[in-house]
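Novice: Here is how the chains run, residue by residue.
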Amino acid sequence: MASQSPPDADADPSADGDMAANGEEPLLSVSNLQTVFYTDKETIYAVDGIDFDVKRGETVGIVGESGSGKSVTARSIMGLIESPGKMLEGSSIRFDGQELTEFSAEEYQAIRGSGIGMVSQDPQQSLNPVYTVGNQIMEALEVNRGMSGEPARQEAIDLLEAVAIPDAARRLDEYPHEFSGGMRQRAVIAMMLACDPEFLICDEPTTALDVTIQAQILELLRDLQAEHGLSIIFITHDMGVIAEIADRVNVMYAGEIVEQAPVEELFADPKHPYTRGLLEAIPGRTEQGEQLRTIEGDVPTPNAPAEHCRFAPRCPVAFDACERIPPQPVTVEDGDEHTASCLLYPEGETEAERAEHHRAAAGERRRGRAESGGEP
Amino acid sequence: MSKVTERTQTEGGRETLVSVENLKKYYGGEGMFADPPVKAVDDVSFEIRRGETFGLVGESGSGKSTLGRTLVQLERATEGRVLFDGRDVTTLSGDELKQWRRNAQMVFQDPESSLNDRMTIGEIIMEPLSAHGWKTKQDRRERALELLSEVGLQEEHYYRYPHQFSGGQRQRIGIARALALEPEFVVLDEPVSALDVSVQAKIITLLEDLQAEFDLTYLFIAHDLSVIRHICDRVAVMYLGKIMELGETGELFESPANPYTQSLLSAIPRPDPTADRQRITLPGTPPSPRDPPVGCQFSTRCPAKIYPEEYDDLSDDVWDAIERFREVVRERSRQELGLVDQARLRLGLFSKYDDIDEAVADLFGGLDAPEAVTDAIESAREQVKAGNPDAAREALFDEFNGICDRERPVLQGVSDSGQQSYCHRHAPEYEPPETVLQRRSDDE
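Respectively, the protein sequence lines represent chains A and B. According to my numbering, the first sequence is numbered sequentially starting from 320. According to my numbering, the second sequence is numbered sequentially starting from 4.
Extracted from the complex, chain B is given alone in its bound form (with noise of 0.2 angstroms):
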């Protein structure tokens, strides 16, 4: 530790310690028969400060836990850098990387299942330092007796096995355990996640105690908005592998600028009846990670999406009803035939897919729309009944693209502090998302 302490004093408490430069990180897709692959981090980059808690957040599956595993290499990067302290991390192996490791740690979600039931606590935390061959027996048993204490525990707990403690206390050996090799770098993977409010709050308590005491710097991995709120310097909102905002916590959550965020931010129940708020109520779920949008990740969920401009006269219920549509169509392109309808497909007697007369009454049911609108959806209709959802699929898009649906937008500076967001609305041509959404949700 007094290694780090002195440099930290020497260079000042916030330049950057670690630099992440368009990290991707794909699971399969490799050879030439193979599915897509899925792009569980997909080109992200951002900075962590020496000294700061970064929080990551956002939904099952945006990708969140996959980033953090792979700053601290526990999953190999698919393609870019990683550079700690300078130095880039991907590329290091052997003893390289286990020298470096020591520097970088992880706690995990899951104290029930991080622990091996078969260990005493001081097993536990003695093993990292037996790994790393720190020291002799003897200092790393006074090592481990004095982490106890550290994290709050006490010296009997040293005999006593993972089954006999709670979730809390759990998560204390967890830390512990990170902490054995006295590291700058700590990944924090939902801690608090599993854990009651009450025990939550001394969980966090104590991660800030050790910060302060051990210079740490934390990347704090959450889904709840509140913890991250509460705990982060600067914070990342992710979606489907992409940083969708980054900013200082207070400035994000306070004026959100990617619609994304504003959902998110609003769709938290607050504890306080008595609050009077707009809630955005997102549709659907995230799509599948192996076929992404080729827009932006987030344009099928949108409620700011931006509309092609031939269509800009109708009406957000039957953009709604052609979202949705879209989204079922998707849903059926995505489903492999069997071989007896394969067989049927070939020989004109396919019928499997004729339900999908029942999901287009159930949205367009009872809704104005005007010709050239349920022409498209029509003729996408009997395309799918014909066994072939992808040509609807397509059709689908040429029709009722916009630039949301076909480019990717860029991560963009949208105030003096560094705050960014992934949004087409930034841009000087279109409405900004805040205006969009008031004016949507007001006419609801």
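In isolation and in its complexed conformation, chain A is listed as follows (with noise of 0.2 angstroms):
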């Protein structure tokens, strides 16, 4: 029992190891996230309690596929939950000392261009097409750095030239159209380093791209995260591109973290049925000739809050207590670093005191929530 955390610390995150480990605060600590959507019909949890921390030069990458949520913790991070959407109360984004969640709209901007930048899916979306890129860049630099005139186009042609774009002086001139996909995905990085912020979300940068493009643009972000030191969440589907880049792993599932793990513990022993599934899934990982492994049935809607593990209907090992209580995160190795959402751990234990173990931890999450206002 010694390694696995009591159900206090499930309930209060902000308490957990990390800190007291590295003694070293992380940059950003997002604990108990809830963000819904509220409908005519339902509401719907599109992130429903969720625990991570990002520490300082570090890339966290969150996987899962669509409608796991993961682009919309994107989106809460950076405080552009609008209505229908909402963060509940009782959801915490510390960054840097802060509470974001308290930040009026305008706070919020100061630190959307300088402290947190974002990298989109579609950099279509980031890029006025009715200006040039340059245009655009030194636009970032007057509102964030104060830059004017000649010395912000010599900044631009240095941003466009650090994110290598060849021949930048002409291409500065150039709109957005003009531009390859790979090279529009450069040029947003571009204007986000002219903001020069420390962290940096990026939600599926690489998606749209070819392999080769892929392969360049990762390679950039390495390179600018050790010139800069920049912390990184990066969000993805690909469990490739997850494991090339990412030093630590959430695996998102309908709203909830269901396994968090470095990144070699994950792919080396992964713990919960649904990240084993998925990893299974993959073509190129089994044999050749051999039949790919599928999950049955679809990605569920959280439209309600869970009693239950929403992956249980799916679930190739799941059990009667699983259709009943809300497993919440267990350590499941030596260490704290990796946890699993699931009623299978901690290992060792009976299937009566796991359940109960899970249903206590519910409990005192449930309270937790209570006070704080969250549960509406």
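It should be emphasised that the hints constitute simulated quantities derived from the structure, not laboratory data. Cβ coordinates follow ideal geometry from the N, Cα and C atoms, glycine included. There could be a bad hint or two in this list.
[Claimed, not checked] From the structure, some residues in chain A lie toward chain B, with a derived Cβ separation under 7 angstroms:
1. E384
2. S385
3. A488
4. H496
5. S499
6. M558
7. F586
8. I601
9. G603
10. L611
11. H627
Join the two chains, each given in its own frame, into one complex according to the hints.
Specialist: And the structure:
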């Protein structure tokens, strides 16, 4: 029992091991984040009580299928959730010692530029088609660093060169449509660097790109991270990309983080049945000629608070209790870096003990939310 | 279906079904003053055997979709032949073509846009049957219901509309429609690219099952190499309208011969964080298909390019800078000048291209290049500034061209089992690609 986290640690993740172990506060600490969307018919718990940290200089991956809530997580951190969406009370996003959920619109605007930058899947959306690329980078420089005129122009050229755009001076006067897809993504990254952020959220930045271009962008991000000491949240559905770029990984399913682990451990020894299924469904990990394993059924829409395990209906190893108890994260390896939210753990306990463990932890979490008024 | 099954049984499973001979598909370029054509598919030849899954892989713009569409006659070939069971189908028209089309169907990439939102699923699946006057209405209905269950959907889905289905289910509907007329040959154009992994795995499994059940021959187009590796028997790798390499899937993935295939394979992110390997990151982007290189299509980005002998001693860094500079000049030569700039050019007041200095400084700053190189770069820079990037481009070509810049390679056999590769380095007088790539990446 010594290596397993006690139930109360799950209820109050801001007090978990990372800080104590490293003596350093994480740059970003998300705890009990709940983002819901109200529709006429139902309430969608798009992100339903997730906890994770990002330390300085590290890359944390968030991986999951469509509808798992990974992009909503990114938008929540960026403060971009608008009606009919809402972050529930009790959600906490601490960035560099500040509580972002309490920020006003103006305060958030300041953080968005120079604190946290975002690269989205479709660079077309981040660029204005009627201004030249140079114009947009220089605007970012003026707003964030107060630069203008010739110095701003020179800095913009340097930034484009920093993201390896050839013939930067000419490119500056071109419009986004004259750039190729990979080049546009570089331009967006250059624009973000103009704000000099310490934190970067990359939401599927390479999904729309060809592999050779994807390799270029991943290499660029790694170089920039080394150079500027950036912390990165990297969101993707591609397990290969995650393996390549992340230090630690969060696996999301239907609004929840079902497994959290350092990247090597996750791939070598996945604990949650969903993670296992996901890895087995990737072509190339199985022998050629062998059939791919598939996960039966579809990802459910989380339209009610979790009263059970959301993966249970598709889970090959589910048992009765999975239908009644919402699983809570428990440590599954020595150390506290690897957790899984599954009633199969803690290992070595009887089914009844495990069920009781999760029931108690879920009760704690619910009480914690009730106190902060989080349960709608 | 009965006719098809009989034939495959009597003739055995592995003879040629589709034979593509010197196929070309160009867009535009007609008329005296037209721009040069876009060579989407530029002289490719290969065979697809009965009952196999033949993969076509390449980056966007490589011409793989155009090739697929040309095979089923959705596009008219500019030149060359497509023999289907020995019959040239590029010359078919009218009723003959319609009749033949029953045999060759297509599944499209985007299940969102390839189904008509105003038709029910039943109508969608029955449409090809009605178009070909297949039996009676009652028979068509029964056939549609049967197809629904073949692709893993339920009878009750018959009356629903496409928007009520998920991406994976829509793709199943597209597959049912393609199979309605019992074709022998199906072109699958990126059928799983828009789907999540777990859904993708289901569709791949379905396609495999259907192939076994109905003796289908697939042309499977994808950009995802791991999917290709899983499902295909043989693969062709395309780049800028040309087949760079072709061979048995296992062999091609285990021992790729062509520098492009090697770069492409090394670029796939592997779902294994402990994998330790040499990544070849290709510089730049593929060139414009309107203005392809004179020599090998891949020569502008090739990491194993053959350099001219007189520059044998140049470092890789200098070569890299030269190639990037040539790319910059090429880009500029493609630009058209506005009227004002043309007037300034005449009057000797032209200054639009002065910013080329910046590019030269960026590329060659800090590099120790020999005088012959700096002279050539210097004169090219002057020509660009004078508003004449075309001349600069030609001068650079004359100075730095090697065989890869000058001549097209040929697709040649590189193994006993029929693996073929399109690269000058397979000629005996040159060092083979693997050793060059190994050496150049070790130097870094």
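Novice: Hint by hint, note whether the structure agrees.
Specialist: Structure-based check of each hint:
no. : hint : result
1   : E384 : 4 angstroms, holds
2   : S385 : 6 angstroms, holds
3   : A488 : 4 angstroms, holds
4   : H496 : 15 angstroms, violated
5   : S499 : 5 angstroms, holds
6   : M558 : 4 angstroms, holds
7   : F586 : 5 angstroms, holds
8   : I601 : 5 angstroms, holds
9   : G603 : 4 angstroms, holds
10  : L611 : 4 angstroms, holds
11  : H627 : 20 angstroms, violated
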